[in-house]
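Visitor: Next come the chains, spelled out residue by residue.
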Amino acid sequence: MTIEAPALELRRINKRFGPVHANKDITLSVNRGSIHGIIGENGAGKSTLMSIVYGFYQADSGEIFVNGNLCDIDNPQSSIAAGIGMVHQHFMLVDTFSVLENVILGVEGGFKLADGLSKARIELERLEKEYALDVNVDAIVGDLPVGLRQRVEILKALYRGAEILILDEPTGVLTPQEADHLFRILDILRDQGKTVILITHKLREIMAITDAVSVMRRGEMVAHVETANTNREQLAELMVGRSVLLHVEKEPATPTETLLEIKNLNYIDADGVGRLRDVSLDVKAGEILGIAGVSGNGQSELLEVLGGILAPASGSIRYKGQEMCGSQKFTARNLRKIGLGHVPEDRHRSGLVLSFSANECTILGYQDSPEYNNGLRLDQRAMINACETYIEKFDVRPTDPMLKVSGFSGGNQQKLVLAREMEQDPDVLLVGQPTRGVDIGAIEFIHNQLIKMRDARKAILVVSVEIDEVMSIADRIAVMFDGEVVGVIDSKDATETKLGLMMAGIRDTDALDKAAP
Amino acid sequence: MESFQLTILMLDATLRVATPLVLAALAGMFSERAGVVDIGLEGKMLGAAFAAAAVAAVSGSAWVGLGAGILTSLMLSALHAYACVTHKGNQVVSGMAINIVVAGLAPTLGFAWFKMGGQTPSLNGDARFRSIELPFAEAAQNIPVIGYIYAELISGHNIIVYMAAAAVPITAWILYRTRFGLRVRAVGENPHAVDTAGISVDLMRYKALAVTGFMCGIAGTYLSTAHGAGFIRDMTAGKGYLALAALIFGKWKPVPTLIACLLFAFTDAAQARLQGVELPIVGTIPVQFIQALPYILTVLLLAGFVGKAHPPKAIGEPYIKER
Amino acid sequence: MAEAKIKFGTPAKIPGWINYAVVPIVNLIAAFLISGIVIIIIGDDPIKALEVLFYGAFGYPEAIGYTLYYTTNFIFTGLAVAIAFHCGLFNIGAEGQAILGGLGVGLIALYFDWLPIWLIIPMAMIAAAIFGAGWAYIPAYLQAKRGSHIVITTIMFNFIAAALATYLLVEVLIDPNGQSPESREFAETTWLPFFHEYLTMPKTPLNLSFIYALILSACFYFFVWHTRWGYEIRVVGQNETAARYAGISPAKNIILAMMLSGALAGFVGVNEIQGVQHRLILDFTGGYGFVGIAVALMGRNHPVGIFLAALLFGALYQGGSELAFEMRSINKEMIVVIQGLIILFSGALEHMFRPKIEAVYRRIVGPQIVEAP
Amino acid sequence: DDFKPAIVFDMGGKFDKSFNEAAYNGAEKFKKDTGVDYMEFEVTQVSQREQAAKRMARKDASIVIAMGFAQASAVEKAAKENPDTKFTIIDMVVDLPNVQSIVFREEQGSFLVGIAAAMASKTGKVGFVGGMDIPLIRKFALGYKEGVMYANPNAEVIENMTGTTPAAWNDPTKGGELARSQFDRGADVVFAAAGGTGIGVYQSAADAKKYAIGVDSNQDHLQPGTMLTSMLKRVDVAVYDTFTAAKNGTWEPGIKVLGLKEDGVGFSVDKWNKDILTPEMIAAMDKAKADIISGKIKVTNYMDR
Ligand SMILES: Nc1ncnc2c1ncn2[C@@H]1O[C@H](COP(=O)(O)OP(=O)(O)OP(=O)(O)O)[C@@H](O)[C@H]1O
Ligand SMILES: Nc1ncnc2c1ncn2[C@@H]1O[C@H](COP(=O)(O)OP(=O)(O)OP(=O)(O)O)[C@@H](O)[C@H]1O
Ligand SMILES: [Mg+2]
Ligand SMILES: [Mg+2]
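Chains as they are written, first to last, in the numbering used here: chain A, 117 to 633; chain B, 184 to 506; chain C, 56 to 428; chain D, 25 to 329.
What the hints contain is simulated information worked out from the structure, not anything from laboratory work.
Below 25 Å or equal to it, Euclidean Cα-Cα: the simulated BS3-like pairs (lysine-lysine) are:
1. B:Lys-271 x B:Lys-504
2. D:Lys-28 x C:Lys-258
3. B:Lys-298 x D:Lys-295
4. D:Lys-53 x B:Lys-298
5. A:Lys-366 x A:Lys-568
6. D:Lys-83 x D:Lys-271
7. C:Lys-258 x D:Lys-83
8. B:Lys-496 x C:Lys-307
9. C:Lys-258 x D:Lys-101
10. B:Lys-504 x C:Lys-411
11. B:Lys-298 x D:Lys-55
12. D:Lys-28 x D:Lys-55
13. D:Lys-298 x D:Lys-311
14. B:Lys-496 x B:Lys-390
In this text the structure is predicted, and so the values were computed from the model without any measurement.
Build out the structure end to end from the sequences listed, making use of the hints.
Guide: See below:
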């Protein structure tokens, strides 16, 4: 038996960021032509490790072997030369450029762009065919949905001749369909002999597609297993260091009065496109209404209209019986006073001010509440106390309320936002993408919190692109397509196929029934 | 006919006044498109104006002066890059510091060298860029309209005016059609993307700032050895800031920036002719208001017609890899 | 392993005094070194120059009075630029707003001087604030509602303010008995009290405005970090989307911040016109608005930092004039060079020596081992 | 030996190519002739005016010359506080027992060069370029205009001011453009009273082969061949004489008006303009000068409107 050198081998990698030892003596071996998963809690050091492999950061010590050869990787260029490509968690694309321009950036092949562009166009066509990666190469990247942007990133790597492709949480922002498509692409890549390293928080994906898994915890590599020899429960335990419940345990809902009632709601965006069309929904106290749908079908706009950020074109919204549309009170500020909580979809863009300290972020949106104000003064003590309570209740790490939130990991940032909105004890809670980019330990926690709120007779509306998530926490599920509500079903009756069809815009109940098992 | 001729002459003045603005604004375009704010255009121009005039006076050659102007401006640009790129200093402060240092240093050196109160000797002959008569300009003079336009407006400028005219398409070509331009634009939009593509962000910014320095050097040289004939302290008189305003006004794009520069220059040329003119109804408008007219007009245009500008996304932020 | 530990041991935490004292001092020394070289080139004694500069700024009571008087102006413009910065705005218009502030003081002092002293003094100060704020309002409104770039509009408004002031002083407010473009002297009841009227110190322009500037600095700190309005301004400045999500109107806060900024800049008019000149004149803003940008940035937009930066520039202005006075070869241009070099080294190149200084500190203290959390 | 003269220049600085520079030249000449050094200061901030005047007094200056109208209130304060120090202010009147005020009749000199301009002009149009629009500059402009009209009642004067900030005194490119715009409109002689901005005006005139008239000091050498003449304002002489008088003990407080009669203003005739400034022009100017001195011609002083 010939021992083929592993495609990638890491030996005793160490990396520190100030006081944080992000990677401790990491050793890893990845076989050629395999898909290798890496999992771990938020802040476990996965992204750091991969950034080191890609030459973006430099390890304090340690060695990297590619195909058995010691590689001195000290910048992305040397890593690209060694055949490594990386798709970063936050895409490294220039939004104002076309796909083509993004792909050739750095490998333009000559001073005049025209030559490089035409060469790249041909090459990209080939790659697109070979790996089923269709994108319009002349589209402006900023206009593309995330799924397509990711393909651009993959194309970028392949165009540079990557043999080893690293993907950092690629499905975090993808719809299930997009994720499926991605996995098909990864499969093809593997079949073509490429090596894929996949970082993810989703055990389902690990089980579905990887050949082997490595688990990281607190900067250390704690386990390597063959995917075939493990299961989700075991992986979860390895990751978090305790056993994790992967299913949400909940009693059936006992909804009572309607707290949020939406009738014929329409919203037209700045470009004159109707983003919400005659949406009618209601949420009762004591239930969770899940909104499923492929992202970009009006869910974001629905949340922002309900949150008082966007002004609807027409329709009616009643909070606790009070008509909001056309009312002076229909502002984000007043809605909070009336008893609305809103966890936005994107914590970085709207939920937090990254340069603020944690305690300053805990009053975002509630800055004029009497609780935090003492006459003219903002009551710093009250802010810190509240923040400490949240940190304690929601198990946020690190625990210092004076730290800048940019220094918290995504999961912990999400917990801070959730804590802020939930602890104000709202009657109606809007939640967008509750667990995006969050590790499973935290997911479990967040889901339980939502159920607890439901059981405290609150009306909760959850928007999520994760079908699993919607199915497991929602009591009723509304599916949106192209700005309209395709249908509302009881989650007991929901199946993945049925929801999938609805998400594609199919209303025909016969077809749905037929699809039902 | 006379008003036609006056209009042409006014446009002629517009071109002369616009030249340093165009060169400086395009210079700033490279820097700002690469993500580095450059309010040091003023200082670079002033430095170049001084060096060009001083060297031209000594050497007797405007071209040698131009070389000195460019070299000086390049050095100042390198200083800006050293502060803001290498040491991640604040770009606005660095630009201001350069403006202030040059404003003091140029006359100080000028006084030490020429003992003429910080001024350089008056330049004449080959020490100054002279007007170029284009072929047949003389003959065309008498052809109505077209010939007159050719002779007065197109012909008879100094070489740097033509350089400025050429700089617009060249800049557009470099920015949009070359590898260098692609990388400059990328580094100003998303330096992380550039870094992960294996290109050094710092080096790109240095290069872009070098181009800025080069073009600013020409702009400054124009002031002292082409349009004027010698250096006098503070002779840029805010043109660097005006060029920056034109750049923003033109939304960081070559042709709109050119138009903004021409507009500024035109209002400037027009206000000279409006001073003291009796207007119907309002009578004679106070000189100060006529002089403020270009600025008022700019504000009105900005408020009325020019929509929101989208500056390069990474502008003003020093690039720090480990975010 | 022990070796590895040492290698990866977290470097000792850099104490505050390194950052807030050693680094700035090293930067200043560097600026003076380069200035010294220039002074040597023009043939004078740099050590003596430094002595004169320092003595001129702090060496005797009159010098201190002048230094603090300049400092007052820089505090006002520094705070003005800083409050706009907190809202994510770049106010280059402090110069024009200061001109308008002076105009406000002048109009009240010229036309309402029959009012009692306890009324006219605060009225003139309020007028300065209102005029400055009003002048900032237009660019702010255009930025908030029409997206007109505030950097351009404020630059333009500087020119327009200068034109307006020149027009008024040449045509309207000019002292009918005088020949220069300035108004008549104000009635004494409108003057702000000088320090030398109450303290035993020589006559200097230092007046009540200085105390006022210090009080405003404290208010600034309180407002920006300890009130909901300051909080909202900072949210808008850091993240407009988050502001909208939190029910904070970016437009309203942009206008508020700019008007506060304009009002602060307008107080230069209080110090100069009401405190010192006692008549409306041209050019009293003397570039304080522009230097305010450097003051705010060097002071990290924090009132304590702004005070220190303002003091530095105040000292430079006053010490510089002493230097120009005492040393023949050093003229006003040379002073400008020194000021520029200080802005360069303490502002733009502030990080140049930091890593080296920190490295030296670490070598002295040695590494510390801290485990990851 | 213990005679200590002092001079405070105003904002333009001692190398402003006109007023302050003329004073500097006068002071330098005094230093050369007598070997007595003088103290000096260039004002850069408004508040420095008072500070400088007082500091000179404190340093035991025997005589302090303050340049420019803007220093009036500073001189007033300093003079009151230092009644034993002699002050001379130029271009403005301060009525105190220890202050001498020297004012020039710029309008008279401007009147004369206006005559030359009108006579040299073939088109009947002449130009005027001022720095900032302030009363002093209007004084120049008005006298000039009257002179032009006196020589040619049909003439037209095109008048331009450079700007509204102090930068207007140092903007040669703008000055050049203003001059060109006047040439474009038919003017063929231009008179600049604009400090450093004038340099650009003269250059522009030389480039366009038109005539220009200098101001304050004799600027004819700047562009030999196209400088028609210069309107002289003998600030240098005034400074020199003031120092000398103070040294000799003949200095007296009060107002000193320097017009044509006192040779305080005038025009230049020298080797650079001898080919352009024709004997007829000189004769006309000399005649007007005599008439002004005798009171036959009244030139309006803008300040006395
Ligand atoms: N640039 C940096 N500066 C300082 N600390 C950093 C930096 N990058 C990462 N860290 C720290 O290193 C640790 C590991 O971070 P890393 O991004 O590798 O985690 P991760 O496993 O990718 O987390 P996630 O699942 O949230 O993506 C974290 O504690 C983080 O705080
Ligand atoms: N300046 C910093 N100082 C300390 N830690 C940092 C810093 N910047 C980033 N980090 C850490 O680096 C890690 C990775 O950052 P990144 O932006 O990828 O966030 P993330 O945790 O992956 O969140 P998300 O998945 O929501 O994007 C985070 O854990 C964050 O705590
Ligand atoms: Mg990560
Ligand atoms: Mg993450």
